[in-house]
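**Q** Chain by chain, the residues:
2 protein chains.
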Amino acid sequence: MTQTHAAPSKTDNATDRVYNFSAGPGVLPESVLEQIQADCWNIDGSGIGVLEHSHRGKVVDRIFAEAEADCRKVGNIGDDYAVLFLTGGATTQCYQVPANLLPDGARADYLQTGKWAEDSVENARLYGDINLAFDGQASVYDHLPMSDAEINHSDDAVYLQYTSNNTIYGTEFSFVPKPKNPDAFVVCDASSNIYSKPFDVSPFGVVYAGAQKNLGPAGTTVVIIRKDLLERKPRTLPEMLDYSVHAAKGSRYNTPPVFPIYVVGLVFKWIMSEGGLGVMAERNERKAKHIYDVLDASSFFKPHARKDCRSMMNVTFRCPTPELDAKFLEEAGARGMKTLKGHRSTGGMRASIYNAFPEAGCKALADFMKDFESKNG
Amino acid sequence: MTQTHAAPSKTDNATDRVYNFSAGPGVLPESVLEQIQADCWNIDGSGIGVLEHSHRGKVVDRIFAEAEADCRKVGNIGDDYAVLFLTGGATTQCYQVPANLLPDGARADYLQTGKWAEDSVENARLYGDINLAFDGQASVYDHLPMSDAEINHSDDAVYLQYTSNNTIYGTEFSFVPKPKNPDAFVVCDASSNIYSKPFDVSPFGVVYAGAQKNLGPAGTTVVIIRKDLLERKPRTLPEMLDYSVHAAKGSRYNTPPVFPIYVVGLVFKWIMSEGGLGVMAERNERKAKHIYDVLDASSFFKPHARKDCRSMMNVTFRCPTPELDAKFLEEAGARGMKTLKGHRSTGGMRASIYNAFPEAGCKALADFMKDFESKNG
Chain A
5 MTQTHAAPSK
15 TDNATDRVYN
25 FSAGPGVLPE
35 SVLEQIQADC
45 WNIDGSGIGV
55 LEHSHRGKVV
65 DRIFAEAEAD
75 CRKVGNIGDD
85 YAVLFLTGGA
95 TTQCYQVPAN
105 LLPDGARADY
115 LQTGKWAEDS
125 VENARLYGDI
135 NLAFDGQASV
145 YDHLPMSDAE
155 INHSDDAVYL
165 QYTSNNTIYG
175 TEFSFVPKPK
185 NPDAFVVCDA
195 SSNIYSKPFD
205 VSPFGVVYAG
215 AQKNLGPAGT
225 TVVIIRKDLL
235 ERKPRTLPEM
245 LDYSVHAAKG
255 SRYNTPPVFP
265 IYVVGLVFKW
275 IMSEGGLGVM
285 AERNERKAKH
295 IYDVLDASSF
305 FKPHARKDCR
315 SMMNVTFRCP
325 TPELDAKFLE
335 EAGARGMKTL
345 KGHRSTGGMR
355 ASIYNAFPEA
365 GCKALADFMK
375 DFESKNG
Chain B
5 MTQTHAAPSK
15 TDNATDRVYN
25 FSAGPGVLPE
35 SVLEQIQADC
45 WNIDGSGIGV
55 LEHSHRGKVV
65 DRIFAEAEAD
75 CRKVGNIGDD
85 YAVLFLTGGA
95 TTQCYQVPAN
105 LLPDGARADY
115 LQTGKWAEDS
125 VENARLYGDI
135 NLAFDGQASV
145 YDHLPMSDAE
155 INHSDDAVYL
165 QYTSNNTIYG
175 TEFSFVPKPK
185 NPDAFVVCDA
195 SSNIYSKPFD
205 VSPFGVVYAG
215 AQKNLGPAGT
225 TVVIIRKDLL
235 ERKPRTLPEM
245 LDYSVHAAKG
255 SRYNTPPVFP
265 IYVVGLVFKW
275 IMSEGGLGVM
285 AERNERKAKH
295 IYDVLDASSF
305 FKPHARKDCR
315 SMMNVTFRCP
325 TPELDAKFLE
335 EAGARGMKTL
345 KGHRSTGGMR
355 ASIYNAFPEA
365 GCKALADFMK
375 DFESKNG
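Line by line, the protein sequences are chains A and B.
Each residue of the first sequence is one higher than the one before, starting from 5 at the first, in this note's numbering.
Each residue of the second sequence is one higher than the one before, starting from 5 at the first, in this note's numbering.
In short, the hints are calculated from the structure, not lab data.
Do not take every clue at face value.
No distinction is drawn between identical chains; accordingly, a pair holds when it is met within one copy or between any pair of copies.
As the list claims (entries may be wrong) - Simulated crosslink set (BS3-like; lysine-lysine; CA at most 25 Å straight-line):
(1) K77 to K273
(2) K253 to K119
(3) K62 to K119
(4) K331 to K379
If you're wondering where the values come from, they're calculated on a predicted model, not measured in any experiment.
Isolated chain A, as found in the complex:
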């Protein structure tokens, strides 16, 4: 009594795709997209598509178990950490972190290095006493502290929170800040550079990342949290907001966003099949170098980020005038290089070149930049 369907019109994967420099949601590996196309119709030979499976059934059991195990394998995350797949984006972590970990009125140090850090500070102030241990706002966040000497650490901070890569400004930390209080832990919003290079989780109490930049589509947030912190519980929260509830239930306390988590799982497998984080890092450095080499040699383009803290994930630059920026974007678009427009707070261009972005696209952009400068410089 199984239904059999005649083959409907097939998906035509020969359709052109462009170089997608989107800052997020961003490009995904094409092999992942092809797997999704197949699994949306029928996954694991179950006769049911991945979107239509109960979150309590065996197929989703497998998907979730593999996504967690592969997250641990890729990042070398041990059993002393819980790996959670939550909802509400990194924006929800802006309040979920202090709600779960900062007692009323207690101190936490925040490094204000961009828009996401600002949001974290604003939310954390609903719960505790927030010390801006670094503030880059005056220079439109064009640089970061280069060492702990540039951070105004508190003696009594419960934790220190920072954003490891600042998507809008194109800055990336080159070190993990070390709190002055030996009992303090570090919280990292790694949304835009998680798993872009080898990763040591041990300095961190919490690492979180919205999936839609380096890990998958929008709709889930990976939260890696040291298990002893799950017991802090400084206040009564709705169970949905309590990390320990999600940890106890394997991220299935309620109906989770199955599909985004499934795609993140496919991306972990893709990273491993490519050779892991060492290969990602080499490739990402090579990719970024194509573009930074042009910027370094140019008297025409102006980078936004200071050279010593620039990002391997988001390259930000401007032409001499907004009119030339517009011309650059239009001509790049005509050459199949899309979504290069910078954030309104920096203007100009932003090339987001996450793990799944192909090196050929970086070369194409670098070549076009040189050509554009020679014609307009």
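Got chain A; can you put chain B on it based on the hints?
**A** Chain B in isolation, oriented as in the chain A frame:
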């Protein structure tokens, strides 16, 4: 400079699919799945797949505008209501509703008609004084109030909250409760029967539904809220939890779960292409009747829900013994009728037959039930 790809291995939609009676995430229309397969590679001829588009770009502008407009068209929702696409499932609404709408210590009436209602009550008690105006727990939620006379309304309730269809037990309200307090509004968790039949929004202050039963995949929650309620703001909340913030930002305050919202938009278009909610209701009544007719004529199967409040969406029943239940499930599975196992609190079977579930599957189940009874009765 556009990349051109040779056609990779195509998705083979001829693969068998089964009758999927899952209670949620549940079955989706096959035409929607085929659209998803195409759009994951390249949507709107953009050269970028739906998962990879910026939530601030033109393609997502179109998707969100159409999803909202089509939600309004299908449900006849006027401009006096906001239509939001949020995250965290209906479970998040259990606390987001009272956090946004119930002042400290104020009264709300809750109808405890199942597991979801229990969760709502538990969360609301963190905020206000909750009156259980109906409680069906003693009879394992096998029935509902049939009129306001069976509801212990408070004089001073700010709102009355109920669950219009109880997935686990297979019960469905046949009327909208009317609060005694003329200033009170009604809040409805319609997760498992939204848009299964014609809908009049006017009695409601808030209607919400996790998408994964009648509207799409897991990962977004539709919240329809009367606009004047957005201004209540009885307490300071993180912006992510504030309905008025999401309303002001068109559900794009932060990076939203683009893909689940996109699929919900496709499902709205599918409902319209099928003829709208009137057609859905006729079809759903006919579908359920195939199965209920067998139950009504049977001395073998025992329905869980009382006859006068049974659901058009979830049909719950048991065999005379748990051993026969297991045999039924095994034999049904072998005939391509899957995910029929009932919830642990009711045992037996549950046939979830949401909008996208085909009538042929209901007939097939009814035929199998008669056959099974004749052989085992």
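**Q** Determine for every hint whether it applies to the structure shown.
**A** Each hint, compared with the structure:
In this homomeric assembly, K77 and K273 come within 25 Å of each other (Cα to Cα) only inside a single copy, at 10 Å, whereas the closest approach across copies is 41 Å. Taking the shortest Cα distances, K253 and K119 sit within 25 Å of each other only across copies (17 Å), while inside one copy they are farther apart (32 Å). For the identical chains of this complex, K62 and K119 are inter-copy neighbours only, at 23 Å across copies versus 41 Å inside a copy, given an alpha-carbon limit of 25 Å. Taking CA atoms no more than 25 Å apart as the test, K331 paired with K379 passes inside one copy only; the shortest distance there is 12 Å, against 77 Å between copies.
Hint check: no violations occur; every hint is consistent with the structure.
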